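Chains as they are written, first to last, in my numbering: chain A, 1447 to 1736; chain B, 170 to 419.
What the hints contain is simulated information worked out from the structure, not anything from laboratory work. Just so we're clear, the structure is a prediction, and the values are computed from it rather than from any experiment. Idealized CB from N, CA, C, for every residue including glycine. Heads up, a few of these hints could be off.
[As the list claims (entries may be wrong)] Selected chain A positions facing chain B (in silico; Cβ < 7 Å):
hint: 1; residue: 1544
hint: 2; residue: 1621
hint: 3; residue: 1624
hint: 4; residue: 1633
[To be verified] Just a sample of chain A residues kept apart from chain B, beta carbon distances all over 12 Å, derived:
hint: 5; residue: 1469
hint: 6; residue: 1472
hint: 7; residue: 1500
hint: 8; residue: 1527
hint: 9; residue: 1565
hint: 10; residue: 1572
hint: 11; residue: 1602
hint: 12; residue: 1611
hint: 13; residue: 1615
hint: 14; residue: 1622
hint: 15; residue: 1677
hint: 16; residue: 1699
hint: 17; residue: 1701
hint: 18; residue: 1716
[Stated by the list, open to error] If you want the ones that stay clear, here's a sample from chain B, every Cβ over 12 Å from chain A, calculated:
hint: 19; residue: 185
hint: 20; residue: 229
hint: 21; residue: 230
hint: 22; residue: 242
hint: 23; residue: 253
hint: 24; residue: 300
hint: 25; residue: 307
hint: 26; residue: 363
hint: 27; residue: 379
hint: 28; residue: 393
hint: 29; residue: 404
hint: 30; residue: 405
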Amino acid sequence: MKISINQRKRYTQNIAFWIFRLLSFMVVAILFIILCFLIYNGIKVISWDFLTQMPEDGMTKGGIYPAIIGTLCLIAGSMVFAFPVGVLSAIYMNEYASDGWIKKLLNQMTSNLAGIPSIVFGLFGMALFVNKFGFGDSILAGSLTLGLMVLPVIIRTTEEALKAVNDTFRHASLALGSSKWQTTRRVVLPMAFPNIITGVILSIGRVSGETAPILFTVAAYFLPRLPHGIFDQVMALPYHLYVIITSGTNIEESRPIAYGTALVLITIVLIMNLIANAFRRYFGKKVKMN
Amino acid sequence: MHKIETKEINLHYGNFHALKGINLVAKENTVTALIGPSGCGKSTYLRLFNRMNDLIDNVEISGQVLVDGEDIYGRKVQVDDLRKKVGMVFQKPNPFPKSIYENVAYGLRVNGINDKKFIEERVVSSLEQAALWEEVKDKLNKSAFELSGGQQQRLCIARALAVQPSVLLMDEPASALDPLSTSKIEELIHTLKKDYTIIIVTHNMQQAGRVSDYTAFFYMGTLVEFNETKIIFTNPKNIQTQNYITGRFG
Ligand SMILES: Nc1ncnc2c1ncn2[C@@H]1O[C@H](COP(=O)(O)OP(=O)(O)OP(=O)(O)O)[C@@H](O)[C@H]1O
Ligand SMILES: [Mg+2]
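Isolated chain B, as found in the complex:
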């Protein structure tokens, strides 16, 4: 069974056909990169998996999105539960105006966990997983806004990890960061792959090549080509894919 699968997904924003019949699968503990020119539907597609598109008015979705074989748009699915299982990291670091500690603890608290000891352990382990612990262990009660942009983004990753999802969605997680912070995030993605299934949107071809096992090339709402990253970057079958990765458009 695949960890994630979409079958014939069509999505409309009002009259605008944003996703056109997308079929795609991702295996457990792999990294899939979504690439393609601006406006081709990468973010829209990513938001299917934690149903963040539900927040937008006038969205129509048809087809199936399966996580662990279950249709997440099915009647029985509680969106809150789904979002615990499928975490998300956004393009711009967006920590809450709370302390570093409370940022990571937030997801646990809203899910009804009050055990202080448990929360503390989870905060520490999440910060460790996000490779941030060493830098913040002495200032856990300081405001998250006092961290640098790159640290804030790793804090957001720790915040997402704290609720122990099994899938991690990342929408251009490093595009607002400097090169050093970017490489830290990329290393992090490498290590997180052991425990999570990751889908990452990126505009950076080198990044897609470095971090992902599979790559999906989107163009104007269609999935043009999907294959192992090696193959997409060395031997793409589609001329559009080839043009895009060699920088001839997009």
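If we strip away everything but chain A, and leave its shape as in the complex, we get:
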């Protein structure tokens, strides 16, 4: 049987589409499997007490309350630093700097910063914030280190968001006699804001999950109380998880707690994503309606 060129084209296209479809389903499936695995193994230990009590008995019993609070502190602290710095530098690079060597240099530096392994940030944070500035192992030192680490993510996504705003809107605003800053603040930023939030989502995910940058700058091995200020140490979920997995005296007993902790960590990231998404949808609408 002879097949026409058109049929052949259609076959190849169908095969290609099916492969793509399968691969994309695979991504979803993997995520789903990980979630199920964590829920299956971790749900047993999840209880109100687990979320609100201090760890006990060499971390084989009790809850993970201080680690949850610690991670939330670090998310907030790193964002307080990285969000304004990142967004403002992106605004400078995209709206103000003309295409010269300064812009090239800034761009290159941002890329380099993004390529530094997180353990190196940890080392750097220890040397600079903990020792040199004398902050000690503290929320402040940890937040600054994490903030530095996610700065490139925020800068890049903000830049993309600003670039996505068509120049015709800038021109329309400037042609009415508004300044560059007024144009940026009143026209460009509101339009870019929903996409900027994406950068925040991504960086919150990283901040809450990374162990290396907090290892030498803030994370406490075992500290069953809450911090009183930014110069206190805290426990944090990813490091706590690492500790329970590797150095528990009774691995059998602490294993469920490890899964439970992982589940809480994932849930926090998911909740943050949901909040940020809701935010984005709300502002997206407001930008259109206003």
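Starting from the known structure of chain A, arrange chain B with the ligands on it as the hints suggest.
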């Protein structure tokens, strides 16, 4: 004194000589049409008057651009003030993603006007001037994106009028619109002429003939011929002009 005048204007984009020694004058309350083939420099020339070329890197300008007798590239001139005096309407309607009301109020707000009553009056009068009021008076708080293309363009005109310029620059303001919206814009230009000096770029010969008092024909960065529209269209002195308006090139 002429409302607008350019003297020996030369403009370079890097090495490219885009405007070559342009001399042109426009009287107050007249409409001047800029015509010529694509790439001849019409938009570039138009952008001189509100200094929008300043936004492009590597632009070199020599010569003088006078508005009300003042050199707008002079040291004392504040670009923001100039742009209040010389408004612009772009080729594609580009309302802000804000309400109809806020679009028109924008130019006032950025210029430091906060008086609610004043802003409201100005919004209404600008929309009336732009012949849009009747169509939008019941939905001022709706998004500007809900308007049709032609309405959006008239909104952009209202937005430009709200800061009370005395010169209005229009770069092919109707080229993205349907015939009905186009004729509305043309009527509008007719009525606006009482209060404004208008310079309009157009590719449409009939449009130039209908709306303008004077016509300037550009070709490859030079001003080939400038005269009353009647004369340009009935008795052009230059053979290139003649070829262009009779559609033999461009
Ligand atoms: N930003 C720029 N950088 C470099 N060259 C430019 C720039 N803008 C315009 N030019 C060049 O200057 C010349 C004039 O451009 P301009 O946009 O003024 O033409 P135009 O007459 O408005 O054309 P059209 O009818 O297509 O709108 C063109 O050759 C164009 O390639
Ligand atoms: Mg043009």
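Comparing the hints with the structure gives:
1. 1544: holds (6 Å)
2. 1621: holds (4 Å)
3. 1624: Holds - the Cβ of residue 1624 (chain A) comes within 7 Å of chain B, reaching about 4 Å at its closest.
4. 1633: Since chain B brings a Cβ to about 6 Å from residue 1633 (chain A), closer than 7 Å, the hint holds.
5. 1469: holds (36 Å)
6. 1472: holds (38 Å)
7. 1500: The claim holds: residue 1500 (chain A) sits with its nearest Cβ about 50 Å from chain B, beyond 12 Å.
8. 1527: The assertion about residue 1527 (chain A) holds, with a minimum of 30 Å to chain B.
9. 1565: Its Cβ never comes within 12 Å of chain B, the nearest being 41 Å, so this holds.
10. 1572: Label holds. Min Cβ-Cβ 43 Å, cutoff 12 Å.
11. 1602: holds (23 Å)
12. 1611: violated (10 Å)
13. 1615: At about 6 Å from chain B, residue 1615 (chain A) fails to clear the 12 Å cut-off, so the statement is violated.
14. 1622: Check fails; 4 Å does not lie beyond 12 Å.
15. 1677: holds (44 Å)
16. 1699: holds (57 Å)
17. 1701: Non-interface label on residue 1701 (chain A) holds, nearest chain B Cβ at 53 Å vs cutoff 12 Å.
18. 1716: It holds; residue 1716 (chain A) is separated from chain B by about 30 Å at its closest Cβ, greater than 12 Å.
19. 185: holds (17 Å)
20. 229: Given that every Cβ of chain A is farther than 12 Å from that of residue 229 (chain B), nearest at about 15 Å, it holds.
21. 230: holds (17 Å)
22. 242: Holds, because the least Cβ-Cβ distance between residue 242 (chain B) and chain A comes to about 17 Å, which exceeds 12 Å.
23. 253: Nearest chain A Cβ is 4 Å from residue 253 (chain B), so the label is violated.
24. 300: It holds; residue 300 (chain B) is separated from chain A by about 20 Å at its closest Cβ, greater than 12 Å.
25. 307: holds (16 Å)
26. 363: holds (22 Å)
27. 379: holds (25 Å)
28. 393: holds (28 Å)
29. 404: holds (36 Å)
30. 405: holds (33 Å)
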